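> Listed here are the chains, written in short residue letters.
Protein chains: 2
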Amino acid sequence: MGKKKKNRKETAGLPVIGMDMGGTKILAGVISAESKILGTAKRSTKPEVGSEKVVDRMIKTAREVVEEVGLELGEVAALCTGAPGPLDPDQGIVWNAPNLGWDNVPLGKLLSEGLGIPAFIANDVDLGALGEHALGAGMGTQDMVGVFVGTGIGGGLILSGALRQGWRKAAAEVGHMTILAEGPVCGCGSRGCLEALASRTAIERDIWAGVKAGRESIVPQLMESDDRERLTSGVIADAYRQGDALVIEVIGRAQFYLGVGIAAVVNLVDPEMIVVGGGVVEALGESYLAPVRTVAYQYFMNKRGAKDVKIVPARLGDNAGLLGAAVYARQKLAKQ
Amino acid sequence: MGKKKKNRKETAGLPVIGMDMGGTKILAGVISAESKILGTAKRSTKPEVGSEKVVDRMIKTAREVVEEVGLELGEVAALCTGAPGPLDPDQGIVWNAPNLGWDNVPLGKLLSEGLGIPAFIANDVDLGALGEHALGAGMGTQDMVGVFVGTGIGGGLILSGALRQGWRKAAAEVGHMTILAEGPVCGCGSRGCLEALASRTAIERDIWAGVKAGRESIVPQLMESDDRERLTSGVIADAYRQGDALVIEVIGRAQFYLGVGIAAVVNLVDPEMIVVGGGVVEALGESYLAPVRTVAYQYFMNKRGAKDVKIVPARLGDNAGLLGAAVYARQKLAKQ
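Here the protein sequences line up with chains V and U, keeping their order.
In this text, residue positions in the first sequence follow our numbering: the first is 1, and each later residue adds one.
In this text, residue positions in the second sequence follow our numbering: the first is 1001, and each later residue adds one.
Among the hints, a few may not be true.
Unchecked claim - List of simulated lysine-lysine pairs, DSSO-like, C-alpha gap at most 27 Å:
| no. | chain 1 | residue 1 | chain 2 | residue 2 |
| --- | --- | --- | --- | --- |
| 1 | V | K60 | V | K109 |
| 2 | U | K1332 | U | K1060 |
| 3 | U | K1109 | V | K303 |
| 4 | U | K1335 | V | K335 |
| 5 | V | K109 | U | K1303 |
What the hints assert, rightly or not - Partial list, derived from the structure: chain U residues whose beta carbon lies under 8 Å from chain V:
| no. | residue |
| --- | --- |
| 6 | A1171 |
| 7 | A1172 |
| 8 | M1177 |
| 9 | N1267 |
| 10 | L1268 |
| 11 | D1270 |
| 12 | P1271 |
| 13 | E1272 |
| 14 | N1302 |
Claimed, not checked - Chain V regions said to be covered by chain U (calculated; three or more residues, Cβ under 8 Å):
| no. | segment |
| --- | --- |
| 15 | 179 to 186 |
| 16 | 253 to 263 |
Hints are computed from structural coordinates only; laboratory data are not their basis.
It should be emphasised that the depicted structure is a prediction, and the values quoted were computed from it without experimental measurement.
Where is the CB? At the ideal position from N, CA and C, for every residue including glycine.
Could you put together the complete structure from these sequences and hints?
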């Protein structure tokens, strides 16, 4: 089953499949030429079954979503999926994805052969930023940095209107800029990375440290009533809103460091906008972002026009990755 | 005396004047179309005489260097000067230069009217990086970051082959990325900036703190025999080479932070090369840079191909600014 190459004119009007694949789930959408999501499909990733079967699951999900919107694969111009990196977007190879257990998986080729349409891959966070830039909070900007706060902290750079993937395809690791050189050890092995100070994981670590040290907090109680084993963004947001002193202190520290980190990004690349997304930020919204913004502006080296640099919440939620993937696929098709 | 506009073809073969103006001196050179420095001239800036007279001194220096190489101003395509920022390179206005006492000085217009040739201005450190990229250590790279360690720490970004000045013309403030959030207060008012940890000023501060606290050091003695009031890079390098324990400790700390700072830059923009220049680095050479490199590689988030990212000393010394200015002038002329 070879892929039929269509020329640029033929593909421009066709929908594409945007996909986002992570350690937990595979999310796919058919996206029209007008960037509307025509339909979506979802499946758990089950990384434990191995890369071959995960790719099969991706292919199934793609077929499913195309069928779901009443199309055939021949009526779709291409697929693009976000994947955890590091990866080679040009060759379509996932070099290494620890949370999937993958090593040198030629994901692009496998998807393209399995579906018979062109298939592209790119870093999942890069695609999230691209989505926010093209269709979300960053629309109309030339220079935008996406910062996504979750288990880790990921980033994506749009500079002079284009996604910057970096010379080694390793750019935009916002979470691994050192902010506090003598700070806590990060999952990456360095010390004091932004991720070790302001991710949900860091917030969780500091809340548990407080609880274990005997600090009063409603967190254990909230988790019990919610039947949760992990401290989710939702529980953190609840405790914060209910005025839990420990959570407010820990969140305050994370906000400070996130502001300092955003300022470091701004002092280096001087973008027009910073788009902040991810679980905790989405759960708390503007009340989370306001102090972050205040700190960031204070740490801008150049105060001239500082407040013209917008620091805003992401708009697309989980769809950022899908939509960014669709944008990326179209950019790739246009260059072929 | 209006400026005569030449068309692109007429100017392409002509030399340009490259200039670098700082708080201490004005340095000018006539640079041929083949990027050879045909001659240079120098004058102290004397910022205390006010902006008008400083501009006169710049104009005199430009006339002098043109005469020096046996040309007339009509045989020169343009002038470009580096100036301390923040400034608007497009409008040719120095917004604010604290160490000159300047506020909203239309430097480009004043120079152009005074000399009768097109005159451009840009951030001095940006031009240093551009010089190193076009004609120095960074030749042939697509993505290069210049880091210049002196009284402060300045930077310049070349991304995808072009100088990135930033959305507010405030990019590449490498020295003001926060590396140690709870660290020493920086001249900019923030805390723990790279500049407050690894500049010559920071090194000087820490050496004096040690001396005042009674630590043994040959520094006071070296300065006396050298008849120096300030701790120059030369004296620091001498003490280091002679095995002064205090200086070695302080330098070691500065090297660590510089390595961490370079890694933060790499983790964000992922360039092909970092070019490190400035007094201390030039005075100590590879013995200064080797530990910086070791730390930096350790702090790279993505270890794949880490050592392909070159961290090298600058090559052009004081001429980087002049040559970068010439390159910038030609780029501007080509776009007109």
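> Compare the structure with each hint and give your call.
Checked hints:
1. Between K60(V) and K109(V) the CA atoms are separated by roughly 16 Å; this keeps the pair inside 27 Å, and the hint holds.
2. Of the supplied pair hints, the one linking K1332(U) and K1060(U) holds, its CA atoms being roughly 23 Å apart against a limit of 27 Å.
3. Distance hint between K1109(U) and K303(V) is fulfilled; the C-alpha atoms sit about 25 Å from each other, no more than 27 Å.
4. About 25 Å separates the Cα atoms of K1335(U) and K335(V), which keeps this hinted pair within 27 Å; it holds.
5. A C-alpha spacing of about 25 Å is found between K109(V) and K1303(U), which places the hinted pair at or below 27 Å, so the restraint holds.
6. Against a cut-off of 8 Å between C-beta atoms, the interface hint on A1171(U) holds, since the closest Cβ of chain V lies about 4 Å away.
7. Interface hint at A1172(U): satisfied, since its Cβ lies 7 Å from the closest Cβ of chain V, which is below the 8 Å cut-off.
8. Checking M1177(U) against chain V: minimum C-beta separation of about 4 Å stays under 8 Å; hint holds.
9. Because the smallest distance between the Cβ of N1267(U) and any Cβ of chain V comes to about 4 Å, under 8 Å, the interface hint for this residue holds.
10. A distance limit of 8 Å between C-beta atoms decides the matter here; for L1268(U) the minimum to chain V is near 6 Å, and the interface restraint holds.
11. Given the 8 Å rule on beta carbons, the hint for D1270(U) holds: about 3 Å separates it from the nearest Cβ of chain V.
12. At about 6 Å, the closest approach between the beta carbon of P1271(U) and any beta carbon in chain V falls short of 8 Å, and the interface hint on this residue holds.
13. This hint holds: E1272(U) has a C-beta 4 Å from the nearest C-beta of chain V, less than the 8 Å allowed.
14. Given the 8 Å rule on beta carbons, the hint for N1302(U) holds: about 4 Å separates it from the nearest Cβ of chain V.
15. Three residues within the 8 Å Cβ limit are the bar, and the segment 179 to 186 of chain V against chain U gives 5, so the coverage statement holds.
16. Chain U is given as covering the segment 253 to 263 of chain V, and this holds because 5 residues of the stretch bring a CB closer than 8 Å to a CB of that chain, at least three being needed.
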